[in-house]
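Protein chains in written order, with the numbering used here: chain A, -10 to 216; chain B, 87 to 402.
Just to be clear, a hint being listed does not mean it is correct.
What the hints assert, rightly or not - Have a look at the derived ranges for each label pair, beta carbon to beta carbon:
no.	chain 1	residue 1	chain 2	residue 2	range
1	B	Leu372	A	Gln119	24 to 34 Å
2	A	Asn92	B	Leu372	17 to 27 Å
3	A	Thr(-3)	B	Ser343	36 to 46 Å
4	A	Val52	B	Val364	50 to 60 Å
To be verified - Below, a list of computed lysine-lysine pairs in the DSSO-like style, where the Cα atoms sit at most 30 Å apart:
no.	chain 1	residue 1	chain 2	residue 2
5	B	Lys374	A	Lys29
6	B	Lys90	B	Lys116
7	B	Lys116	A	Lys29
8	B	Lys251	B	Lys357
Don't read these hints as lab results, they were simulated from the structure. From a predicted model like this one, the values you see are computed outputs, not experimental measurements. We put the beta carbon where it would ideally sit given N, CA and C, even for glycine.
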Amino acid sequence: MTDLQANTELLTKLNGLAAGLFLLTAFGMIAMRQVLACLKLFVWQSILLAASATILGFQHSSVHLFVVAVITVGTKSILIPWLLVRLVSQEAYARREISQVLNIPTSLLLGMALVILAYFASSPLLGASQDPFVRMNLPVGTAGVLLGAYAVVVRREAVPQVIGLLAMENGSFLAGICIAPDLPIIAELAAAFDVLIIALVMGLLTRRIRERTGMTVVGKLASLKED
Amino acid sequence: MTEKILFNVVQVLVVMLVSPLVKGVLNRLKEAVQSKRGPSIFQPYRDIWKLFHKDEVISDSATWIFRLAPYVVFITPVFVALLIPVLTGYPLFFAFMGDMLGGGFILALGGFFATLAAVDAANPYGAMGASRTRMVGFLAEPVFMIVFFTVSFVAGSTIPYIVHKHWVNPPDNFFEPSHVLLMLAFLMLIIAETGRLPVDNPSGHFELAMIDESKGLEYSGRGAALMKWGGSMKFLVLVCIYLNVVVTPWGLAQGESLGELLLAIPLVFLKVFVFVVVLVVIESSLAKLRLFRITEFLGGAFITSVAAMITRLLEG
């Protein structure tokens, strides 16, 4: 029994570590200037999500969570980056600076406010559960959703906006796997497939925008329409 | 009692004598990565020896601050070496005179005098470097504060000898999210504070781009030797705080015999060597940031330390 307890303790800490680094990558995605760096961070975030799912799988001895981990690594850290790189021209990745509505230090401070908001928003729910995994994953996942939404709002480029949207999905997944560890596999598969299709559609859209206007800076599209 | 005082003195002596060697190893490795042969690892000793035998030239417009500053820069890391665990895992004679915050303040005093002296000599590059150092300093300050708050929050104390026991007792604590994030944040701080590559280029010779180096441009002879030696001691002291307090107390002497203390010297040096290798990898793979991008680098460090705090809160 004590052995099992010690095991749980270690798993809690490792899960906390994965969640902490997940939060850091979410911050990184609003602080990075290069598109490629954003994409790499998204890959890392997905791997951390898979790590958290694996740890939870060990804890709940649930096969579903291992499957979730495998699907996450397969789609989000291999297929989607590959799709995004293939669909959008290299020129979008070669540019070093992404234009942002707010500068980066301000963004980071606002992001911190969002994390605190996520913490307070999820704290009424935390009272219901004494599970240490829920206590860690639910607020961090909520914060991931908010930070992803923030990236979508602030970035003026198409590809980082897509990545922000996918990061929101990552955040909701991180929160989801701790609340519902026994979700049927069909639901997981459907979600993964949906994300893949979203990435494909948005990648194609970005490609079309680039073909029509010669750039991927969607922040400037409003002024293009006027003349 | 006398033993503990003796050990404390040995600790200070080790910091004084080994610090130029650490600088030498760091420089040699950096050159080796660039496929050059590089200077001997004992070159910093020779530099200091040579400078002590040279005449000192002091500008007419310089005041007493300029004369005093090298001594302050030299003596402040010595004081900090009395407070922190360099070789022993148990508190020594002066251990409870000040906590990590106190150590930080003493180091900041040395930095403050170096800045004043740079302005005092009326060399335009000195004033420029001084204002830049202050900019980096005031951006690093909140990160230091949050790191100390988190440490005291997690370990229940800011005395380094109590803090470093917490990370390995039980061993699971090493993987605590706040610990790993703190290590990251503190590493970024050390890079910023000691003028290492993404923030400042320590081997650059272009005065307009200097941050840390330009403060010592006006010194010659003994003053320059003391500034150099003090700088390398400050580096070693910060690395010791990082490795022995923030990371782990592995390799420190646990027993109160002289043999164990002497055995700890090579073990600690081995740890420092590993750190130096990591630093060389970081320095060789990153380019220097533009001056106003330093805000973003230290903003990243700030966010990391805040994330450490938040994950600690969530663990409840």
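Each hint, compared with the structure:
no. : hint                             : verdict
1   : B:Leu372 - A:Gln119: 24 to 34 Å  : violated, 44 Å
2   : A:Asn92 - B:Leu372: 17 to 27 Å   : holds, 22 Å
3   : A:Thr(-3) - B:Ser343: 36 to 46 Å : holds, 40 Å
4   : A:Val52 - B:Val364: 50 to 60 Å   : violated, 39 Å
5   : B:Lys374 - A:Lys29               : holds, 21 Å
6   : B:Lys90 - B:Lys116               : violated, 38 Å
7   : B:Lys116 - A:Lys29               : holds, 28 Å
8   : B:Lys251 - B:Lys357              : holds, 17 Å
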